[in-house]
Amino acid sequence: MNYVWHIGVMIGLYVLLASSLNLVVGYTGLMSLCHAAFYGIGAYTTTLLMMNTGWNFFPALAAGVLVSILLSLVIGIPSLRLRGDYFVLATLGFQVIVFSILYNWTDFTKGSYGIPGIPAPQLGTLNIETPMQYFWFCWAFVVIGLALLGLMAHSPFGRTLKAVRDDEIAAGALGKNIPVLKILAFVIAAAFAAIPGGLFAGYMRFIDPTSFTIMESIFILSIVVIGGAGNLIGPILGAVFLVVLPEALRFLHIPDDAAASLRQIIYGLMLVALMLFRPQGIKGDYKFE
Amino acid sequence: MALGFALIYNTTRIFHVAHGIAYTGAAYICYDLLINCGWNLPLAIGVALIGAALFGVMVELFIYAPLDRKKASTLVALLASLGLYVAGVNTLALIFGNETQILQPNIQATHKFAGIILTQIQVAQIATAVIILPLFVLFLKYSTIGKIIRAVRDNPQLSRVLGTNPQRVRTVVFVLGSLLAGGAAILSALDVGIDPNSGLPALLVAVVALIIGGLGTFDGPIWGAFLLGILQSLVVWKFEARWTDAITFGVLILFLLFRPQGIFGKRGRVEESTT
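Those protein sequence lines, which keep their order, are chains S and W.
Once you know that position 238 of the first sequence is 238 in our numbering, the rest is easy, because the numbers rise by one and skip nothing.
Once you know that position 188 of the second sequence is 188 in our numbering, the rest is easy, because the numbers rise by one and skip nothing.
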């Protein structure tokens, strides 16, 4: 039974990651390849504060969100001036730099050894440890996060973002401040990405930089694209699908390392096929054109 | 590698991530033929290069060309390319395993030039760089095919009006680009071995070189690669090897922000001149 709860937790984390990225990719129409960097920043900030200063989980998580916001401003303000491929490239550069720092700044992050023994989050006096407890804990965040993102998507702000996506020049001509809107979307997405980061650290009780590589960024982007960008349901579908898929392969008695490869082959090919035949994803109203 | 990517990117505006597969794929074919099938080296290299070129053409014909016909944006092509890259890497990992494979099991003979010790392969790398690259640039500058490629690069619509077949040109470009990637991969694999994930880092460094050197030219990437190589060695020498990645990509971001046309590129906002 723990196994099912565990999958539930993982789905929750990826739902939150994909839904926040969706704000940038689906609503604003910008392709970002550094979402795993913010995920990692959230995880590492939360962990280091809990371990080194003995902070409780919640303030540490909030600090993680704050750091993520600051860094997303640092990278977002300059790179959002760039368009298309160049913006992708800038986010990619940021992703590589963050990974490289997590991996190589051994005094601070313990590098490739990772950080073991992260304390579990506490709710009052209750330690949230078992997968079932963590499932409810995690999904509380997911539901609140989704509600906030949903409110945003249906607010004038969300609609303006879509306008920027569909016709930047027209939106600008109507007096919308496009750079500010893009940066807001980017920063909000980064803030939401830090939350699953902290949750991941508190759940796994161990983190190392390999969870936050560029391949992870590509994976999160694939969830959004395969599920369908530009609405709220798409990323959820995508997350459920891409998290459950490898678990299904497990029951086919494929050796573990082969299954990992196979999973990635499947989602890679799916990405190609979707781009060719159904660019809006499983459920999406926004086509990449 | 940088030149091969530049060739494709300049001509088709596709951010060809799957180029990394032409790279690793060629090295693996070479490895397989050399070690497992016991072929001799030149033959294995030849087949590997043909394999890389074939891969490039297939990708163009079955993925990019249909997307182009549907007037899909380059971001769609980028996503498809990413997907293909992920699938390709893992196919290779499934077949050959995730470990680094060594092509040259023996310790190599070394040559000494004025106090610098180089292995045979490193000599070959330098020789290739010195001979092939200038030839390639000359070819692009002065041959008819090279001129047509540059015409399509500068203005696809106009060159179509003037009777070139853009599809043919694109195919040729993918062949040439993939050949260069395959060549680079084999040279590097012979030196330090190959693992399935080495394609993306190689590609990214190539892209950085491209941005530094300047897009829209064909000799820019070569100078960019040269400068980047020197910078990376300086980092290793003066600083620490582990920070090369961070510094390489820091340089990339600086260039993107302050001089997106690169050192040798033409003036003007590149991302706008591309559409």
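Honestly, I wouldn't trust all of these hints.
Distance ranges between label pairs, derived from CB positions [as the list claims (entries may be wrong)]:
| id | chain 1 | residue 1 | chain 2 | residue 2 | range |
| --- | --- | --- | --- | --- | --- |
| 1 | S | LEU232 | W | GLY97 | 35 to 43 Å |
| 2 | S | LEU232 | W | MET58 | 35 to 43 Å |
| 3 | S | PRO255 | W | CYS37 | 41 to 49 Å |
Since the hints were derived computationally from the structure, they do not count as laboratory data.
Even glycine gets a Cβ: it sits at the ideal position worked out from N, Cα and C.
Going through the hints against the structure:
1. S/LEU232 to W/GLY97: 35 to 43 Å: Hint holds: Cβ distance 41 Å, inside 35 to 43 Å.
2. S/LEU232 to W/MET58: 35 to 43 Å: Holds, since S/LEU232 and W/MET58 (Cβ atoms, about 38 Å apart) stay within the stated range.
3. S/PRO255 to W/CYS37: 41 to 49 Å: 26 Å, violated
The structure is inconsistent with hint 3 alone, although it conforms to all the rest.
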